[in-house]
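Model the full structure from these sequences, guided by the hints.
The residues making up each chain are set out below.
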Amino acid sequence: MIREFGTGDIVYLVFAARWTLALTALAFTGGAMVGLVLAVMRISSFAPLRVAASIYIQIVQGTPLLVWLFLFYFGLSIAGLPVNAWTAAAFAYSIYGGAFLGEIWRGALIAVAPTQWEAGASLGLSYIQQMRHIIMPQAVRIATPPTIGFLVQLIKNTSLAATIGFVELTREGQLTSASTYKPFAVYITVACIYFLICFPLTQWSRRLEERFNVAR
Amino acid sequence: MSRVELINVSKNYGPLRVLNDVSLSIETGEVIAIIGRSGSGKSTLLRCLNGLEPIQSGEILIDGVKVNDPDTDLRKLRQNVGIVFQSFNLFPHLSVSDNITLAPRLVLKQSPDQARKIASDVLARVGLADKIDAMPQQLSGGQQQRVAIARSLAMNPQLMLFDEVTSALDPELTGEVLRVLEGVARDGMTMILVTHEMGFARHFATRIVFMHEGKVWEQGAVADTLSNPQTAELKSFLDAVLN
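Going line by line, the protein sequences match chains S and D. Under the working numbering, the residues of the first sequence are numbered 1 to 216, in order. Under the working numbering, the residues of the second sequence are numbered 1001 to 1243, in order.
To be clear, the hints were calculated from the coordinates, so they are not data collected in a lab. Hints should not be assumed to be uniformly reliable.
To be verified - Some residues of chain S that are not near chain D, with every Cβ distance over 12 Å (derived):
| # | residue |
| --- | --- |
| 1 | Q61 |
| 2 | V67 |
| 3 | A113 |
| 4 | H133 |
| 5 | I197 |
| 6 | L208 |
What the hints assert, rightly or not - Here are some chain D residues pointing at chain S (derived, C-beta under 10 Å):
| # | residue |
| --- | --- |
| 7 | L1074 |
| 8 | V1081 |
| 9 | F1085 |
| 10 | V1107 |
| 11 | G1175 |
| 12 | R1179 |
| 13 | R1202 |
| 14 | F1204 |
All values reported here derive from a predicted model rather than from experimental measurement. Note that the Cβ used here is the ideal one computed from N, Cα and C, for glycine as well.
Structure follows, in structure tokens:
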């Protein structure tokens, strides 16, 4: 039965966006943990760590996120390890997000002048103290705009989780569109909701970037 | 025991030999001015002294502790060896106070109050007591360098290394940094300075070390060495810098 696309549907779409946000939070948290480890490995003075992190990043950046989602959701269940959609999504997005955040943060860490490390070392600080008190705080400032940029990509990429059964914003749009037969109105609404989430973030990122450029 | 002892130290960057069989002995309270052309190895020598650069052969001893030994705790050694760099290298995200108190708090485990007290003491020594809460970028180059010296002093080192500390400064800012160095020298600090400031070397150094092609080419008491160079290389260097 075909029904009208009304206020109720819009409310449903807005509610479905909470799964988009939940997936984003999960993906970003997992990706950040993996990314932090990768970034530190990439600037390590121990070559095998650098190489391992680099291989990981090359592989993940060279494969589609969708394949990772399928691999964890369908692949593992066939291999006898049934995982639920949340677990599969958590793994796939952490692996994917980690590879990109790792590269962004590595760039930020090496953008801090090597003389800052030297100054810290010369005062008797340990590697971890130099990292924690001297390098990281400066790298965070450099990394914030591109990290927010990646977060925006991530928000949009959570729509891929629809393929493993999540009814998030895009999937809810598909369902609404199927029952109302108003694809244009529905997907415009969906696009607007994504935009309303992403636009403040890109603006924020731009402002931080300007402030950072002024500060140098 | 000498404060600093270099025994047949050599260092290469790839095929390039930057320090060639350097031996040097420095006693407590000496102020050594290392002079020489750029590329003569003088800055490298300084950076080897606190282990920022590894050496390929020879021995460096500071208060009898071997710098180039994997078993040496370089962190502990560096607490006693301050270094001030040409480009200041203040931490731009930290206030003057935090720049100075960071290492005393983390390394010497001083309480925040104790560290801040020391910060205001060392800032007074470099004439910047009123800048304790400023950010580095609010300061002139000369003031930043004075803060860097204060940061080093706050660790109460037994030896201080100065790597061309006035080279990045305008001539009118050089004077204020040199006056701070004079004060530190008068307080009896053992100092090794790589410098182009011949006037400062003449008045405050106890010994001149002239480096050439990675070697200690000539050294001796200041007045003697400057007025009566023994080698053609030092003579031509002095002619170039003094005229």
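Hints the structure violates: just list their numbers, smallest first. 3, 4, 11, 12, 13 and 14
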